[in-house]
Amino acid sequence: MSRIVSITLQNNDDARPIIEAIEKDNPEATVNIYPAMVKIDCEGRLIIKQETVEELLGREWDVQELHLSLVSIAGNVDEEDDYFELSWNV
Amino acid sequence: MSGKRKSKLGIKQRYSMLTRGLGWDTTYQDMDKVFPYDNYEGIIIHDWDGWEDPFRLTMDAYWKFQSEKEKKLYAVIDSFAQNNGHLGITDARYVNALKLFLTGVSPLEYQAARGFTHVGRQFRGVGPRVACQMQAIDELRHVQTQIHSMSHYNKYFDGLHSAPHMHDRVWYLSVPKSFFDDARTAGPFEFLTSISFAFEYVLTNLLFVPFMSGAAFNGDMATVTFGFSAQSDEARHMTLGLEVIKFMLEQDERNIPIVQRWMDKWFWRGTRMLALVAMMMDYMLPKRVMSWREAWDIYFTEAGGALFADLARYGIKPPKYADIATKEAEHISHQAWHIFYNYTHAAAFHTWVPEKDELDWLSEKYPNTFDKYYRPRLEYLDKEEKAGRRFYNDTLPMLCQVCQIPMGFTDMDDPTTISFEVSEYNGDKYHTCSLGCRDIFDYEPAKYVQAWLPVHQIYQGNCGGAEVPDVLKWYNFNLGADNLEYNGSPDQKLWDEWQAHRKKA
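If you read the sequences in order, they're chains E and V.
Position 11 (the first sequence) corresponds to 11 in the working numbering; numbering is contiguous.
Position 362 (the second sequence) corresponds to 362 in the working numbering; numbering is contiguous.
These aren't lab readings, by the way, just hints derived from the structure by calculation.
Please read these numbers as outputs of a predicted model, since none were measured by experiment.
Idealized CB from N, CA, C, for every residue including glycine.
Facing chain E, according to a computed beta carbon distance under 8 Å, are these residues of chain V, among others:
#1 68
#2 209
#3 239
Hey, can you work out the whole structure from these sequences and the hints?
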């Protein structure tokens with residue numbers, strides 16, 4: 001049975017550094033590009049790290065800014081001050 | 001940088017202050033009297049503090065992010081209207097999907113606002129109460145932004161002038177309307193299972209994600225922007241749906257069979273309603289992103305599979321009849337489109353036979369079914385239409401007592417036989433379209449015998465008169481403009497004029 005977690009973000013300027021950070025921190029992830037949106041799938045677990053997004057953006061980034069670009073998710077959410085994680089229980 | 005952050009409360013503490021620090025137990029009145037609805041469904045809750053909202057949004061953050069979303073959205077809506085964005089869509093046939101959306105889906109957002117406002121009052125736990133109240137505000141925002149975005153199309157295209165009126169009266173709109181009526185008249189936990197879990201978590205992705213991507217692909221900047229703006233809230237609503245399920249299951253094992261039955265029921269009701277979305281994806285997008293079948297595989301088989309594997313540790317099984325629903329993904333868009341093709345003289349949007357390259361696309365996407373069952377029928381209808389004999393079905397269809405869809409869907413193992421179930425209650429016979437709808441009826445017949453079935457109501461003389469035109473006037477349709485075949489419609493005439501101007505320029 002597939003245990004894929006997934007996040008879909010808008011394909012726009014706000015989301016691009018987040019997408020790039022996800023690719024960096026989750027080398028296993030698959031990035032699917034559709035009109036206007038990007039769906040990123042990963043087996044079991046996927047993390048967005050504040051530190052990585054801030055490095056790419058060159059400014060402070062509140063993890064909750066994610067709400068502005070989010071289209072959909074699949075997986076249990078763990079939202080903290082410095083990361084956002086999706087996972088299925090093993 | 002980090003020093004500044006440390007001086008504030010952490011995200012978990014802030015959320016806990018909001019959802020626990022601001023709640024209290026009543027003392028002048030018994031808590032059971034203040035919250036009379038949260039235990040009659042049989043759901044047993046031992047500890048409301050066991051509720052953990054994964055999105056820990058506090059009010060200040062909520063207003064900040066929502067206002068930013070609104071500013072972005074209205075900048076786009078404004079610019080779309082100001083710059084005649086409707087001229088940039090791929091084809092005027094596409095607008096018919098928006099007509100169905102505005103009359104069928106947007107009023108559901110309002111129904112959701114009403115539902116969440118109600119249950120947001122009814123839970124004694126502060127966590128779910130806050131989450132429901134925020135969602136109620138979100139839903140109100142969704143209906144408003146959808147009306148604002150689509151009002152631009154209403155200036156040029158037919159069928160968009162009277163959505164709330166139509167939603168309450170028109171035969172096919174009773175399908176989504178009755179879905180929400182059913183949910184809102186259930187108890188608060190069933191409401192959250194139906195809307196937050198079955199609809200938002202398991203099924204909404206099929207509507208808002210690939211369809212909106214399709215809207216972008218077809219040049220509809222206004223719709224994709226409201227769609228994704230709404231969807232940014234939906235992602236939060238989905239987590240509420242998953243949280244309420246886990247919360248009920250973790251609180252007491254006696255909750256498990258109740259939750260399972262609700263999941264089975266609302267999964268089935270949801271898939272029935274999505275038949276409308278299936279045909280929007282396969283037939284109403286001139287440029288297509290993915291087929292309904294492909295969307296089903298990604299968003300139900302794959303995403304739903306992982307979800308139900310995760311819930312298996314609680315003893316939860318995948319929804320009953322999920323196997324039938326997956327078989328239906330090969331057929332349902334074609335069968336639904338055919339029903340509307342039959343009855344488009346009584347609908348506030350147009351239908352048509354797809355063009356040759358579109359039929360080829362469907363053949364390619366549905367190798368097991370399309371050429372065998374559906375293409376020959378469409379080609380025949382096309383020939384008839386071109387010979388001046390456009391087919392309209394002049395009798396009224398029988399409706400399913402539960403989902404209210406005309407009984408035109410077939411047995412999935414035998415797509416030439418109509419699927420048909422009969423139940424008896426108090427000496428009367430009631431008809432349903434499927435095993436899924438029959439089970440729902442049989443469990444609560446006293447509820448579903450009260451269904452306001454449009455065809456019955458027409459025959460009883462409650463819908464404006466005895467003749468079809470009387471009924472359509474009662475629906476507030478502009479006859480000859482809103483309804484009938486797309487070819488020869490005022491929409492098509494206008495669109496062709498615009499295209500001719502473009503060529504001249």
